[in-house]
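S.K.: Residue strings, one per chain:
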Amino acid sequence: MDLLTLGFMQKALVACLVVCGVAPLVGAFVVQRHQSLTGDGMGHVAFAGVGLAFLVGAAPLLGALLLTVIAAVVLFRMQRSGLAGDLSLALVFYGGIALGYLFAARSGSGVNSVLGFLFGSPLNLTWGSVAAVVALSTLVLLVVVALYGPLVAIAFDEEAARVSGLRTDALVLTLMLVVAFVVVGGMYAIGLLLVSAMMIVPVAAAAQIASSYRQTMIIAAAIGAASAVIGLVAATYADATPGSSIVLTAIIWYAAAATVAGIRRRLRAASAGGAR
Amino acid sequence: MRPVNDIAALAFDRVTFGFGRTAVLREVSLAIHPGEFYAIVGANGSGKTTLMKLGVGLLRPASGTVRLFGTAIHDFHEWHKLGYVPQRAAARLTLPVSVDEVVRSGLAGHLGLLRRPTAAHRDRIEHVVEIMGLTGIRSSPINRLSGGQQQRALIARALVTAPRLLVLDEPTTGVDADARKALREALEHLVEVEQVAVAYISHDPEGFNELAHHVVEVVDGRLVEALLTDQHHAAAVPEPES
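Sequence lines, in order, name chains A and F. Count along the first sequence starting at 1, add 754, and that's the number in our numbering. Count along the second sequence starting at 1, add 3, and that's the number in our numbering.
Chain F on its own, in the form it takes in the complex:
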């Protein structure tokens, strides 16, 4: 048995959301506890990214409640507990930005408007740069790196505040097999050793299935627990309880 705390890091309670009259998610309930790895799979456009944008506060549900660490998301202020890796953000960078600068930018919300990083913050930067295998390329412009290296830099940015919940949206898109392996090992360490809760969104979770404690699929706006084969054929079972 894995140690599981009572309070979920991220919980959806009967959450419904739509764009205009088009319903994307219907009455979705889900709870991810510290030390749990949740893989959320589904076809492109199925609503899994929308689900996680609701989970990190980028979208507001039409009905239902999203809670972070037991607090309703509109009352939540401890954002340093949350690490978010959006889809391939590095691809949008037009100017040269070093890996070090990308990682440091993850501290901006924690520091607020006028505070400067302390020695403890700098130590944390060193730590995440090291565990994500970025030490040798930390001065390199991120847009000249491979997809896997870019992704590791973005994960390091998300980890720089020592979050207790990590949300990754399609982290292996355009990433080669070696980088997938490195990412899997890093996530395994975070979940098993540091007891971080992980929400891992992917249309192609190959290689991460054995890491996941739960695999759920978004089908027609609802979550169904999926028993994945290597070819990701899902067998639907009743919706998990929150």
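Just chain A, same shape as in the assembly:
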């Protein structure tokens, strides 16, 4: 409890809790649309944005936001032009990492200056960057709540959603922009390379034990938030890297949920066998 009286810990907790609680809400749509690696691709583009910001002397947040928003639009148009989803992601993915390394190397700060954004450094945050994380996450939360029904429809079955009269192109683009916001918000807390894990792993864990989509989203958000707190506290005591610790905690949740689901399946099979 003494930890909570420390200013750096308070900032880290707020940023990680908010990002890791909101990221799975977006991840649920991405996973259902079979686009689990979208966040990863966006993370690499955000890396290029941070590199660009260092090169031109701008705020890293602005650089990351600018390039990820552009990437969301480009990715959307590539996929709509008929390019396979994984191929378009790979192109964005590799382009982002190459550009990021190029920009960072050319900037006066050197490559090491951007490493903190790749893996996150929540214990070194300012209240200004925490406010940016909270603002981006709140925006994401508002979009998810306001567009919940239409986003669910395109996640379940985009063709049927389009025939029902929904403007599916606008919704898919909105979803990609929301993924970009989560990634940029998460770069301060757990890093550009790890934030996409918090969109996917809690959802995968929740899906093991939930029986509906809404339930999956709520459990996933709870797992994400719990992983943030447990991972951050564990990392502080063990002198480990917070981003890794948070993601590994989420993976432990997944293993526990998969074990519970396996036991439940065996019990159901045994009771069905007994009934015969």
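Quick caveat, the hints were computed from the structure, so don't treat them as lab data. Fair warning: this is a prediction, and the values are worked out from it, not measured in the lab. Heads up, a few of these hints could be off.
[As the list claims (entries may be wrong)] Here are the simulated lysine to aspartate or glutamate pairs, DMTMM-like style, with alpha carbons at most 25 Å apart: (1) F:LYS84 to F:ASP16; (2) F:LYS84 to A:ASP923; (3) F:LYS56 to A:GLU912.
Here the structure of chain A is known, so what remains is to put chain F in place on it, guided by the hints.
M.R.: Just chain F, lined up with the frame of chain A:
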């Protein structure tokens, strides 16, 4: 005689479509009126799914016109009048999604971006869940149900806006005999009682022939009226007028 309104729910007028240089459909004309059941049959890859994707606006014809309820499809906005059941969409669901959530998702287009379901919408959900025999399994994740139950949930989703035209693409694929019977009875009720127009696409329409007012087969990109035996041997006759 069945009561048939003048305005077709779905009409194709000399519609041609192809992928690149490969022609899939040539000068196809067809009209499905309220209260009519049209079975559209043909071998896999014959173009029947393409025909219905043109009919629901997922594809655009190279030439010719598609009309929904008398309005050219590019000017059509009353999408709640159309119910569409694509091929086995439930098989693509990776996360647990309850039957209730699948059915509710059918309202999304009707409600638009920010409206929430009203009491009337909730009553309609109750109604379609009941008529499709889903009451006891409405909280179950759809991907843990049988093919027949999944298909009934998808049809309930299509019916939740009380459509006047229902388009079903291969609804009995992977569905057992009991589920086929339940589906046939539900469709019979919709056509005969609620006067819904039905376009039923199948490579295997066994058991639905007696329900159909018209059976047409897609052959070489054209429609021919088919007189089906139980083994689905088609005898071609001249193309129906639109």
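S.K.: Now tell me, hint by hint, if it's right for this structure.
M.R.: Here's how the hints hold up against the structure:
no., hint, in the structure
1, F:LYS84 to F:ASP16, "20 Å, holds"
2, F:LYS84 to A:ASP923, "21 Å, holds"
3, F:LYS56 to A:GLU912, "13 Å, holds"
Figure legend: structure checked against the earlier numbered hints; every hint is met.
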